[in-house]
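Once you've looked at the hints, dock chain B against the given chain A.
Protein chains: 2
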Amino acid sequence: MIKKKFSNFIDNLQKDITSSLEIIDGKEKFKSEHWNREKGGGGLTMVIENGDVFEKGGVNVSKVHGQLPDSMSKMLKVTNSEFFACGISIVIHPKNPMVPTFHANLRYFELYEKDELKDSWFGGGLDLTPYYLFENDVIHFHKTCKNTCDNYDSNFYEDYKKKCDNYFWNSHRNEARGVGGVFFDYCRENKLMTNERWLSFIKEMGQCIKTSYLPIVEKRKNMPFNESNINWQHIRRGRYVEFNLLHDKGTLFGLKTNGRIESILISMPPKVKWEYNHLPEKDSEENSLLKILQFPKDWA
Amino acid sequence: MIKKKFSNFIDNLQKDITSSLEIIDGKEKFKSEHWNREKGGGGLTMVIENGDVFEKGGVNVSKVHGQLPDSMSKMLKVTNSEFFACGISIVIHPKNPMVPTFHANLRYFELYEKDELKDSWFGGGLDLTPYYLFENDVIHFHKTCKNTCDNYDSNFYEDYKKKCDNYFWNSHRNEARGVGGVFFDYCRENKLMTNERWLSFIKEMGQCIKTSYLPIVEKRKNMPFNESNINWQHIRRGRYVEFNLLHDKGTLFGLKTNGRIESILISMPPKVKWEYNHLPEKDSEENSLLKILQFPKDWA
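Chains A and B, in that order, are what the protein sequence lines are.
Reading the first sequence from the start, the letters are residues 7 to 306 in this note's numbering.
Reading the second sequence from the start, the letters are residues 7 to 306 in this note's numbering.
Mixed in with the good hints, there may be bad ones.
Repeated chains share a single entry, so a pair holds when one copy, or any two copies, can fit it.
Listed below are the simulated DSSO-like cross-link pairs for lysine-lysine, each with C-alpha atoms no more than 27 angstroms apart in a straight line [claimed, not checked]:
1) LYS80 - LYS262
2) LYS10 - LYS297
3) LYS9 - LYS35
4) LYS297 - LYS262
5) LYS101 - LYS279
6) LYS21 - LYS303
7) LYS288 - LYS37
8) LYS277 - LYS225
9) LYS303 - LYS35
10) LYS149 - LYS227
11) LYS209 - LYS225
Simulated from the structure, these hints should not be mistaken for laboratory data.
Bear in mind the structure is a predicted one, so any value in this text is a computation, not a measurement.
Chain A on its own, in the form it takes in the complex (with noise of 0.2 angstroms):
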């Protein structure tokens, strides 16, 4: 059954990420906390602070269901449904502004009509938000997804890379919130593709979020750095807020339904910085990232 060995996949995934985060930071552990959802359903949220490597990080678990709300009913043109949905989602802040921030999650979606399964899809995805561009990191990155893609379809790395670079846009600044990744959703059982096959896709997905980002963090995370770096990082972690409260859709639908407000913001930055029109010098590695971030490129 997909559920259960989806549900017990993120469950061993959480305790793999953390405890590899906490062995990487050295210093602080995971808290833990258990939280039940009124409608059904509930998640646990493990979330680190003021570590020596991990300033803010939060690795959540939630599976919940129910009536599906009103508001996804519309989106997903059904009525009277019940939805089973549950996933895995990890936003780590690290201290050092030379440790890029990353974001992943892995989620699975049920809806039923009259106890009846009438649908069912995997989604999920990681990016990468740097703060001072190292080339061969970003490389890496993208080369660790694209090789995880290219074991199921050769089409996949293209196009979740281009929904990664489209969907982390913050028009309103026209830049990209980070460097990209590989974004998917809607995956549905298929001729190519059985839901035995998303799983194992999604499961080697969990493994590429170590893969990917931790030998970075390992290269990165005792790199010297200085006030105006860290000035730079809490400037650019203020862009991070704009785009998870102006666009999220995970976020906003997240709090229209009531979610549970810590564990949704538990993304936020730990501290922030917004200064009026702030304009890195135009030869300054402040200036390279913006450039990147105006104009998404191929890295893999």
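Structure of chain B alone, referenced to chain A:
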């Protein structure tokens, strides 16, 4: 001509308020930036940053006109219309957590069909967002607003106070952004209030900005504070960001209609924090504030 008179009034008010704030600050001066709107009009953005009293403050005047944007045509249920809109908006984020954040705006809108004036109205309001509650300050603020309202109509204050509480409601947190003030919109000519009388009301509201807020700043700006007060201020500023990006119609309208980003987001606080599930201690001053924000009360 109302338009011309209001337009002059906000120019003078901008000068008046910025110079009053500069005197109080004693260190920093406002920087001015003229900007043009591609499709008609422009504005003057004035900003103060890193002052001794004001960590960040913006006083914006904008005067824009042209074809009515689609989203607004829908809202106002008109087609093929032109508009003229001008206003002043003020957001002040003081450094000392004992001094509340302040927001105000005053605006005038005209709607045309085939060069003929079809409709016009005033709007605006002022509201206070404290980090620590000094009841006398809040009473002074509300009473000053009430006195100004009472000069025109004995029902205005009650009505506009309620509108303010309703508008500045962070629904996803189930709490008010601050302790309110007054908020009014679609103030059209009627039997009791001619446009000239509305203009006079608006002008008094402009003076009220100074008489309601500045004495509070003077009274609190030199109060001692510690790191823990600053931490609380930064966390509460996070709620301010959440309101402005999730709920504030003005901000969202500006962003959707390609307004000048930096002038719109001048309202963002300078330094902000998000901690996971931050809860103040039960009998703390911080917790007293939260209780007040959950149930807006009568102050005047």
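Evaluated hints:
1. For the homomeric pair LYS80 and LYS262, the shortest alpha-carbon distances inside one copy (14 angstroms) and between copies (23 angstroms) are both at most 27 angstroms.
2. Within a single copy, LYS10 and LYS297 get their C-alpha atoms no closer than 45 angstroms, and across copies no closer than 43 angstroms, so neither meets the 27 angstroms cut-off.
3. Taking the shortest Cα distances, LYS9 and LYS35 never come within 27 angstroms of each other, neither inside one copy (30 angstroms) nor across copies (61 angstroms).
4. Taking the shortest Cα distances, LYS297 and LYS262 sit within 27 angstroms of each other only across copies (23 angstroms), while inside one copy they are farther apart (34 angstroms).
5. Taking the shortest alpha-carbon separations for LYS101 and LYS279, both the intra-copy value of 15 angstroms and the inter-copy value of 14 angstroms come in at or below 27 angstroms.
6. Taking identical chains as interchangeable, the C-alpha atoms of LYS21 and LYS303 are never at most 27 angstroms apart, the minima being 34 angstroms within one chain and 46 angstroms between chains.
7. For a Cα distance limit of 27 angstroms, the shortest separation of LYS288 from LYS37 across copies, 22 angstroms, qualifies, whereas the shortest one inside one copy, 43 angstroms, does not.
8. Taking the shortest alpha-carbon separations for LYS277 and LYS225, only the intra-copy value of 23 angstroms comes in at or below 27 angstroms, while the best inter-copy value is 29 angstroms.
9. With identical chains, the CA atoms of LYS303 and LYS35 are never at most 27 angstroms apart, being 36 angstroms at best within one copy and 42 angstroms at best between copies.
10. When the C-alpha separation of LYS149 and LYS227 is checked against a cutoff of 27 angstroms, the pair qualifies only within one copy, where the shortest distance is 21 angstroms, while the shortest distance between copies is 54 angstroms.
11. Taking the shortest Cα distances, LYS209 and LYS225 sit within 27 angstroms of each other inside one copy (25 angstroms), while across copies they are farther apart (60 angstroms).
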